[in-house]
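Peer 1: Residues per chain are reported as follows:
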Amino acid sequence: MIEIIKNSIIKGCVTRQIKPESALLNSSELESIGKELRNMINKHFNRSFHIREVDTGSCGGCESEIIAISNPVYDIQRFGVDFVASPRHADALLVTGPVSKNMELALKRTYEAMPKPNLVITLGDCALNGGIFKDSYYTLNGVKNVIPINFHIPGCPPKPLDIMRYMIKFFKGDNL
Amino acid sequence: MAYNQIIKDIEKEMKINFLSSEPAFNDEVYVKVRREDFKNTCLLFHKKLKAPVMMLFAVDETQNKGMFKLYCVFESVQFKKWFFIVTEIPENNPEYESLSSEMYSASLFEREIKEMFGLEPNLSPDSRRLNLHDEVWPEGSYPLRKSFDIKDIKESLKKEYVFRKTEGEGVFEVPVGPVHAGIIGPGHFRFSVAGEPIINLEIRLVFTHRGVEKLFENKLPEECLKLSECVSGDSVFAHSWAFCSAVEKIKVIKVAPKTNYQRAIFLELERIYNHLTGIGGIAVDVGFSFPHAYASIMKETVLSLNDKLTGSRYLKGINIIGGISKELSGNDTALLLETLKSLKKDFESLKKMLYANFTFMDRVETTGILNKVIAQDVGITGMAARASGINRDLRKDFGACYNKIEFNLPEQTKGDVLARLNVRISEIEQSILIIQQCVLLLNSADSSFNYELLLGNKFGLGYVEGWRGPVLYWLKINEAGLIDRCKIVDASFHNWQGLSYCAPGNIVPDFPVCNKSFDLSYSGNDL
Ligand code: SF4
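From first to last, the protein sequence lines stand for chains H and L. The first sequence maps to residues 217 to 392 in our numbering. The second sequence maps to residues 183 to 709 in our numbering.
Please keep in mind that the hints were generated in silico from the structure rather than gathered at the bench. All residues carry an ideal CB built from backbone N, CA and C; glycine is no exception. It is possible that part of the hints are untrue.
[Said to hold, decoys possible] Below, in silico cross-link-like pairs of lysine to aspartate or glutamate (EDC-like), each with a Cα-Cα straight-line distance of 20 Å or less:
#, chain 1, residue 1, chain 2, residue 2
1, L, K433, L, E284
2, L, K408, H, D351
3, L, K490, H, D351
4, H, K324, L, E661
5, L, K333, H, D351
6, L, K247, L, E399
7, L, K341, H, D378
8, L, K230, L, D209
9, H, K350, L, D331
10, H, K350, L, E404
11, L, K336, H, D351
12, H, K350, L, E210
13, L, K401, H, E320
14, H, K350, L, D334
15, H, K324, L, D316
16, H, K324, L, D219
17, L, K490, H, E245
18, L, K554, L, E284
19, H, K375, L, D489
20, L, K262, L, E342
21, H, K350, H, E320
22, L, K230, L, E210
23, L, K336, H, E245
24, L, K408, L, E204
25, L, K328, H, D351
26, L, K396, H, D351
27, H, K350, L, E195
[What the hints assert, rightly or not] Selected chain H positions facing chain L (in silico; Cβ < 7 Å):
#, residue
28, V270
29, Y353
30, H368
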């Protein structure tokens with residue numbers, strides 16, 4: 217133990233302060249949105265909101281933005297949102313993509329595996345109604361044709377701050 | 183040696199005359215052969231050019247000519263040309279001799295053509311479906327045929343996919359997916375394991391098949407720009423550029439050099455942010471989370487930079503046919519160079535973090551080896567190929583706007599995770615150099631373009647070296663100016679196979695890092 221303490225005194229802080237500005241971002245906007253999000257989650261979900269993400273045929277753009285909101289710059293975990301590995305641990309499913317026929321069964325099974333009340337949020341234009349992939353021979357034109365959805369976050373893909381803004385809107389609305 | 187010499191040589195060797203062979207553009211040659219000569223011609227081109235099949239696809243011309251056309255495409259670095267071997271297959275007898283038993287790189291394409299067009303490759307070693315899963319799609323409906331109508335789908339009995347079985351005492355199977363634990367696309371991986379090491383890996387993909395190629399059809403090229411940007415969300419710019427350059431070729435639009443330099447800048451930005459994701463991913467997949475966090479801050483910086491420069495974090499809506507919608511101003515390039523400078527500094531410390539860590543190096547070295555011979559046989563392309571000692575890069579091989587730009591291709595031969603990591607690290611450095619040179623060239627570059635609305639050939643190939651490897655768009659446009667066929671090949675389509683060949687011998691916990699080192703697209707593969 218003494219070694220570890222000694223080491224950290226000698227080396228000092230090896231990490232560095234992350235300034236959202238260094239990623240060309242406006243930090244006060246991020247902080248105020250984050251604060252509001254945290255308040256909402258404190259109120260409705262006892263401080264933590266766990267999401268299971270499912271890709272049903274997205275182009276990967278929406279996933280990339282979902283990953284971005286958990287990077288150290290946005291770090292949505294500090295506001296109470298986390299992504300979990302199993303639908304059994306999830307408060308909500310976050311679904312992207314127009315639902316390829318090949319994913320229909322997997323989506324249904326994931327939905328059935330999660331605890332009630334089965335909240336479902338769709339993210340990205342193609343999850344709503346197929347978007348740009350609408351009326352293809354192999355898509356089911358949106359998640360709502362497979363499982364009931366509670367809320368939609370539009371965009372192609374929605375930017376990280378927009379995802380957070382829409383989440384707030386979701387908590388404020390009468391979706392819960 | 184001129185390129186037609188090789189055509190003559192092959193004619194001589196086969197003791198036949200090709201039906202025709204003509205250049206369509208200065209970089210495309212079409213060699214037309216009889217159906218019975220198709221296989222051998224392709225094999226000889228494959229051998230002589232020492233090149234794998236880059237594309238193999240069919241076009242439905244049954245409505246006006248009563249036949250299908252089959253195209254097999256090889257790249258020749260030596261002649262800076264794409265060779266298209268073409269044959270016709272009559273509608274009433276839709277079969278041809280399979281190429282894949284002697285040329286493995288044709289295998290996936292043949293399976294695709296079979297299910298999409300109903301063209302039977304005789305004596306093919308693998309007759310399973312690829313894109314249309316047996317569980318959800320009935321037999322006998324071929325979606326890429328012109329006569330296909332979704333309403334005609336017969337609800338016939340659906341079957342189950344047969345995985346290859348690995349059997350023996352103590353061998354067990356670990357099936358994973360399609361829904362994975364992380365935030366990632368869907369795919370099914372089936373490991374056969376004996377003790378710790380993987381002895382076989384079978385990958386079943388295409389859970390994100392959306393019928394993209396069909397969606398391009400019967401639309402004006404301008405209407406399809408956005409669609410090309412949604413084929414693979416992390417290669418938005420590479421895909422839209424490849425699509426635009428195919429259209430530009432067909433419409434005989436000469437793009438201004440200035441536009442090309444700007445496109446090259448955006449392409450490199452795309453490469454940088456994706457390589458950063460990959461490098462961070464490789465670190466976190468062996469449990470080294472700090473560099474991952476560090477790299478994701480850098481990635482976010484590049485995405486925000488993209489946003490500042492163009493209004494889109496993923497460079498959407500920039501490419502338009504004949505140019506770009508957003509020119510870089512002096513302020514933009516200043517911001518670009520400044521951001522790259524600080525990025526470079528951070529990148530140096532990221533590199534140090536990784537290379538100085540003994541445990542990390544131990545995990546990536548000699549893990550997931552893909553040797554050169556397999557890579558060549560399977561037809562691995564792009565970044566993964568360069569890590570296995572195959573030095574191909576469309577930017578170098580075909581030049582175009584890269585002629586005046588100096589950059590090096592990383593030389594790696596080991597084909598392990600470390601080699602792929604090294605390639606990605608040095609490509610980021612090269613990308614920064616390329617951008618800096620492009621910015622300099624921008625000031626003096628000509629911005630005029632000539633636009634001739636003369637339909638020359640009605641088909642053509644657009645190609646771009648995306649960050650994963652070549653992105654190819656072959657387009658055919660009909661009399662009305664609408665797209666008749668659009669064949670897309672993303673580097674992922676070739677490279678997923680590389681992953682399944684590199685896994686055996688490794689332990690299951692090393693699979694994520696092997697996977698991340700290839701960093702392949704689900705959507706770009708599945709279309
Ligand atoms: S909404 Fe757009 S970015 Fe998101 S998955 Fe669909 S096409 Fe891709």
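Peer 1: List in ascending order the numbers of the hints, as given earlier, that are violated by the structure.
Peer 2: When the structure is compared with the hints, numbers 1, 3, 4, 7, 12, 13, 16, 20, 23, 24, 27 and 30 turn out to be violated.
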